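Taken in sequence, the protein lines are chains A and H.
Its first residue numbered 45, the first sequence is counted upward by one per residue in the working numbering.
Its first residue numbered 293, the second sequence is counted upward by one per residue in the working numbering.
Note that these hints are calculated values from the structure, not bench results.
Be aware that a few hints might be false.
To be verified - In silico DSS-like pairs for lysine-lysine, Cα to Cα no more than 27 Å straight-line: (1) H/K676 x A/K139; (2) A/K143 x H/K332; (3) A/K245 x A/K217; (4) A/K208 x A/K316; (5) A/K208 x A/K245.
To be verified - If you anchor each label on the Cβ, the simulated ranges turn out as follows: (6) H/G613 x A/G207: 50 to 56 Å; (7) A/E336 x H/S491: 30 to 36 Å; (8) H/A658 x A/A109: 53 to 59 Å.
Just so it is clear, the structure is predicted and the values come from calculations on it, not from any experiment.
Heads up, the beta-carbon is just placed ideally off N, CA and C, and yes, glycines get one too.
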Amino acid sequence: MEDTTDNTSHRELRHAQQRFSGLEAGHRACQGCGEALAARLVTEAAGPDVIYANATGCLEVFTTAWPESSWRVPWLHSLFENAPAVAAGMEAALKSRGKSTRVISMGGDGSTFDIGFQSLSGMLERGHNVLHVCFDNEAYMNTGIQRSSSTPHAASTTTSPSGKMRMGKRHLKKDIVSIVAAHHIPYAATSSVAYPSDIRKKVRRALAIDGPTFLHIHTPCPLGWGHDGALSIEVARLAVQTGLFPVIELERGRLAGSMPIRTVRPVTDYLKLQGRFRHLFADEARAREELEHLQALADHNIEVYDLRGMQPDSRDSEGADTVRRGGLRWA
Amino acid sequence: MQYALEGSQALARTVALCRPQVIAAYPITPQTHIVENLSKLIADGALECELVSVESEFSAASVVLGAVAAGARAYTASSSQGILLMSEVLYNIAGLRLPLVMTCANRAVSAPLSIWNDQQDSMAVRDAGWIQLYCATNQEAVDTTIQAYQIAEQTELPVMVCVDGFTLTHTLEVLDIPDQEQVDRFLPPFNFERGLDPSNPISIGTLVSPDYFTEARYDHHRALNNAQQAIVATAAAWGTVCGRHQDALLGVDGPQEARFGILTLGSIAGTLLDAREQYQGSPATRLLTLRAFRPFPADAIREACGGLTDLVVLERALSPGSGGIVGNEVRAALSEMHDAPRVHNFTVGLGGRDVPLDIYPRIHEAVRAGSGIPFDILDLEPHKLPAAG
Numbered sequence: 045m046e047d048t049t050d051n052t053s054h055r056e057l058r059h060a061q062q063r064f065s066g067l068e069a070g071h072r073a074c075q076g077c078g079e080a081l082a083a084r085l086v087t088e089a090a091g092p093d094v095i096y097a098n099a100t101g102c103l104e105v106f107t108t109a110w111p112e113s114s115w116r117v118p119w120l121h122s123l124f125e126n127a128p129a130v131a132a133g134m135e136a137a138l139k140s141r142g143k144s145t146r147v148i149s150m151g152g153d154g155s156t157f158d159i160g161f162q163s164l165s166g167m168l169e170r171g172h173n174v175l176h177v178c179f180d181n182e183a184y185m186n187t188g189i190q191r192s193s194s195t196p197h198a199a200s201t202t203t204s205p206s207g208k209m210r211m212g213k214r215h216l217k218k219d220i221v222s223i224v225a226a227h228h229i230p231y232a233a234t235s236s237v238a239y240p241s242d243i244r245k246k247v248r249r250a251l252a253i254d255g256p257t258f259l260h261i262h263t264p265c266p267l268g269w270g271h272d273g274a275l276s277i278e279v280a281r282l283a284v285q286t287g288l289f290p291v292i293e294l295e296r297g298r299l300a301g302s303m304p305i306r307t308v309r310p311v312t313d314y315l316k317l318q319g320r321f322r323h324l325f326a327d328e329a330r331a332r333e334e335l336e337h338l339q340a341l342a343d344h345n346i347e348v349y350d351l352r353g354m355q356p357d358s359r360d361s362e363g364a365d366t367v368r369r370g371g372l373r374w375a
Numbered sequence: 293m294q295y296a297l298e299g300s301q302a303l304a305r306t307v308a309l310c311r312p313q314v315i316a317a318y319p320i321t322p323q324t325h326i327v328e329n330l331s332k333l334i335a336d337g338a339l340e341c342e343l344v345s346v347e348s349e350f351s352a353a354s355v356v357l358g359a360v361a362a363g364a365r366a367y368t369a370s371s372s373q374g375i376l377l378m379s380e381v382l383y384n385i386a387g388l389r390l391p392l393v394m395t396c397a398n399r400a401v402s403a404p405l406s407i408w409n410d411q412q413d414s415m416a417v418r419d420a421g422w423i424q425l426y427c428a429t430n431q432e433a434v435d436t437t438i439q440a441y442q443i444a445e446q447t448e449l450p451v452m453v454c455v456d457g458f459t460l461t462h463t464l465e466v467l468d469i470p471d472q473e474q475v476d477r478f479l480p481p482f483n484f485e486r487g488l489d490p491s492n493p494i495s496i497g498t499l500v501s502p503d504y505f506t507e508a509r510y511d512h513h514r515a516l517n518n519a520q521q522a523i524v525a526t527a528a529a530w531g532t533v534c535g536r537h538q539d540a541l542l543g544v545d546g547p548q549e550a551r552f553g554i555l556t557l558g559s560i561a562g563t564l565l566d567a568r569e570q571y572q573g574s575p576a577t578r579l580l581t582l583r584a585f586r587p588f589p590a591d592a593i594r595e596a597c598g599g600l601t602d603l604v605v606l607e608r609a610l611s612p613g614s615g616g617i618v619g620n621e622v623r624a625a626l627s628e629m630h631d632a633p634r635v636h637n638f639t640v641g642l643g644g645r646d647v648p649l650d651i652y653p654r655i656h657e658a659v660r661a662g663s664g665i666p667f668d669i670l671d672l673e674p675h676k677l678p679a680a681g
């Protein structure tokens, strides 16, 4: 480790850094964890003048094994179901104290879609100046891969296993961004960890808005999804390129932008990389039926959000087929 | 200054004098008037404060948790189902050692549904790690609320001020409300050293392994026990400011030579004081009013019981399958006492059943007839019971 004990304080160093990161390396996330990467990207884009309220979940557990912490930002974890309410209290406190510090609440899909949904709805409805970020890995991963209302249809989890009588989860993934947008908040968006510059752009956009904002980031979980940890980004990108996870922006409830897909991929390209969908590739009529079902869901998303882009374009810098690699930290 | 005020109105004015920066609450009877009055003070510009009208008690407690962590003085109030709904957050606030003050307008817990007073709600969260102070009168509720902020901010422990629903919250009486200067001199602006601050980022609420968990819990236990000193010192200090005597851990009233004592908490104490005047034929009785239930002042109780042969613990809550809650704790505390009095434990006034003055002679009769009553419900009406199955 470099010696930093000379005349420069840590605080000065932190502010002098060209790239600020609120989440340090050395935490205990699994290899290929999409959530860890997305959380780091969020803190990089948000900068140092932010207070975070973190719901219970993997992110809280793998970053703060007492007496260690990976956070270089003021951070508080209270409970599973109250991060948006805690954030609302922080915002009210900062307002009463005349501070301009921003507040971000974060949680997984369990806390955002399910157990903390009420406190999220309350925070949005009351118009708090808070950004809620949902890291969506589509199941209760912290407790060992149980289905949530975000788990995709037909995915196998420990509480929606596939078997002789079942083809994984019987229900649809909850359309959280539409529900959030129905609060008519200024800005709600989805993004994917496969598109770092898209995450950065949307975090900065959300934080520039006065009022409640929402960012839903799709983050693969190699352990829960059953894919190689080295393929997390590839898997996340395929979710977008198939149309299964539409990347969109909604302003005051109305569609304001979407990431175009220039070459739409079949859903099987995405599904076949993951153990949670393995049962869909059995030579059975019911498996073929579920594959058709999932393809229909992707087609529906592409149509509803008008995701089909023009032909491949080498100058494209925004599309789902274009990934920026390296450099451009502050793109 | 003297005002004729409803208990809730007086509490709202008192909270405002403490200059909270964030208030969050969800309406529930009989807490509603407190928050309504505070909302009006804010609307009229008499109190500058962020009022967050949340969608549940769970969020009310969570909002004030976040507010204190971000460095603001905060307040909430609830009752009954609301206390139970926020109970997970109450444990969390205490474990995070966040100095917060809340009022519990005591009410029964469903089922059966009852909006009326008993103390089952605050008793249900007695192990949450909060300081719990029970008020016998509305004047005490006013004085205790001001003290609660000082105690909380000195000890970094949250304080629940327990006020009997309706009996106190909805009763109009003449009360002394202190001046703003008096409160300002007593209560300096809130400065939370462990607060969340971007220029000095800390992590609060981390995952603690078995290596440290026991120590964290013990540290909390020790802090609560040590808080007895802060409660005593704060009562004395506020007494000097307001010119009224303040009971700290326990109020003791009655002749030193009395052999009979009654210990209670909350507004029943006032009923017993009046009854003792009226039923002068009853044996001399020492009245003990427990103000601090957490921390539990075992030493003070033993000291107050010196010379007694019989002590009745009269309480407004029930642990089904066990009996009285306070009674069991008092019995345990006295078990270490030389020449301890016999302890008789009664529950009365559940779900708003009136506790009339004649409860006093009935207590004396019941104790005279029996020899050490482990537990009984004194105002039970057996003819209303269903046939035993």
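How the hints compare with the structure:
1. H/K676 x A/K139: It is violated: about 56 Å lies between the C-alpha atoms, which goes past 27 Å.
2. A/K143 x H/K332: holds, 26 Å
3. A/K245 x A/K217: holds, 26 Å
4. A/K208 x A/K316: Holds, at about 20 Å.
5. A/K208 x A/K245: violated, 46 Å
6. H/G613 x A/G207: 50 to 56 Å: violated, 42 Å
7. A/E336 x H/S491: 30 to 36 Å: violated, 56 Å
8. H/A658 x A/A109: 53 to 59 Å: Hint holds: Cβ distance 57 Å, inside 53 to 59 Å.
The earlier numbered hints that this structure contradicts are 1, 5, 6 and 7.
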